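Chemist: All chains should be built: construct the whole structure from the sequences, respecting the hints.
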Amino acid sequence: MNKELEHSFVELLEKHQNIVHKVCRLYTNNYDAHNDLFQEITIQLWKAYPKFRGDAKFSTWMYRVGLNTAITLYRKSKRIINTQGFDAIQFKIKAEDYDDTEEQQLKLLYKAVHQLNDIEKALVFLYLEDKNYKEISETMGITEVNARVKMNRVKTKLRTILNP
Amino acid sequence: MDELELLKKDWKKEDQDYPKLSYKEIYKMILKKSSSIVKWIFIISLLEFVFWAIISLALKDSNMLDGVKDLDMNNIIIPASIISYAILIYFFYLFYKNYRNIIATDSTKRLMENILKTRRTVKYYVAFNLASLVVGTFISLFYVLKHDGNAISQIELASANGELFKVYAIYILVTILILAVVVGILLLFYWLVYGILLKRLNKNYRELKKLEV
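In the order they appear, the protein sequences are chains A and B.
The numbering used here puts the first residue of the first sequence at 1, with every later residue one more than the last.
The numbering used here puts the first residue of the second sequence at 1, with every later residue one more than the last.
Hints were generated in silico from the structure; no laboratory data involved.
Treat the numbers as computed from the prediction; the structure is a model and nothing was measured.
Accuracy of the hints is not assured; some may be wrong.
What follows is a set of in silico ranges between Cβ atoms, one per label pair, in the way DEER data are often shown [said to hold, decoys possible]:
1. A/K76 / B/K8: 23 to 33 Å
2. B/V135 / A/S8: 54 to 64 Å
3. B/K8 / A/N35: 20 to 30 Å
4. B/R200 / A/N163: 21 to 31 Å
5. A/R153 / B/L6: 16 to 26 Å
6. B/Y93 / A/N163: 51 to 61 Å
7. B/A169 / A/G141: 49 to 59 Å
8. B/F189 / A/D55: 39 to 49 Å
9. B/S22 / A/K57: 15 to 25 Å
10. B/L57 / A/R153: 46 to 56 Å
11. B/D17 / A/K57: 22 to 32 Å
The beta-carbon is built from N, C-alpha and C at its ideal position, and this holds for glycine as well.
Modeler: Shown next, in the form of structure tokens:
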């Protein structure tokens, strides 16, 4: 029975792993930290999986566990030294897809997002994933109004970081 | 254009750029052990329960047992032990119940609250133990001064020399000093351990709470 559960879980996670990578991308800024957080989120997902019921979409369920792990449960391991800045990240924006100014702007944007605090990052993440305010408020445990207000503040903050 | 819209456009494009872990790699990951703060809180709390249980057992076994018979303290020690074990069991039940409530699929705020609640239970338990340590020590001191042969003869001698106040003051001050050092070290230890462990959680929780004001 356990084997079956393991199999279905690993298969689902393999299919949806990008969600976890995206969380890691926002909350870490180097390769080791990314892998470390990915590992912890995987364990937390696996621990919660027996209680996962098909009534929630696996991906939606992953958002919660992923963000909760990144914001609350995860303990950075000591060997990982955090460096500020986005340059160390392993994902390169493909230059050919953009003209120079847009590419430049995106780099700055990612850098700005990395300067936000953990809660603000979570809001940005859910926003980028096209979640509506109802879903955002449920995931974070705040009211819809507060989610909207906070999101607007985050936008303003990003603008201030970009145009000091 | 809205900055976030530009980011969103890119965010969606980039799907293919993430590492692709294989079935085998993910399978290996689920066999590893978690190192989440909840696990650490659980371990440290268990150690605290064990630590205080050992302390209370050791106290009862060693210096007390021989002395206690002479001091006629059984009428206090027995009910005190029963009460303290009952409280220990109650705290442990609360702690376990809170711990079970920590679920990664809750909303972020609720998850944080449940972790903090577990932590608070342990804090109360520690406070209870420190308080009983202080109260217990003073009750023992009182019994020693009243019933212990050496202490009585010392007091009688002092009384004859007119230094009764001095002797009492020395007994009490030394006791307070030792207690202060012991309690201080323990508090510093807790403050450091939980401070480091919960720094980020507390910060994020405050950030979420700030939204409600």
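Chemist: Just tell me: holds or violated, for the beta carbon distance of B/D17 and A/K57 against 22 to 32 Å?
Modeler: This hint holds: roughly 24 Å between Cβ atoms.
Chemist: Is the distance from the Cβ of B/A169 to the Cβ of A/G141 consistent with 49 to 59 Å?
Modeler: 55 Å, holds
Chemist: Is the gap between the beta carbons of B/R200 and A/N163 within 21 to 31 Å?
Modeler: 29 Å, holds
Chemist: Is 20 to 30 Å right for how far apart the beta carbons of B/K8 and A/N35 are?
Modeler: Holds, since B/K8 and A/N35 (Cβ atoms, about 26 Å apart) stay within the stated range.
Chemist: Just tell me: holds or violated, for the beta carbon distance of A/K76 and B/K8 against 23 to 33 Å?
Modeler: 28 Å, holds
Chemist: Given the range 54 to 64 Å, decide if the beta-carbon distance of B/V135 to A/S8 lies inside it.
Modeler: For B/V135 and A/S8 the Cβ distance comes to about 56 Å; the hint holds.
Chemist: Is 51 to 61 Å respected by the C-beta to C-beta distance linking B/Y93 and A/N163?
Modeler: 56 Å, holds
Chemist: Mind checking the hinted window 39 to 49 Å against the Cβ distance between B/F189 and A/D55?
Modeler: 45 Å, holds
Chemist: B/L57 and A/R153, beta-carbon distance inside 46 to 56 Å?
Modeler: 54 Å, holds
Chemist: Taking 16 to 26 Å as the hint, is the beta-carbon distance of A/R153 and B/L6 inside that range?
Modeler: 19 Å, holds
Chemist: Does the hinted range 15 to 25 Å hold for B/S22 and A/K57 at CB?
Modeler: 24 Å, holds
In this structure, every one of the numbered hints holds.
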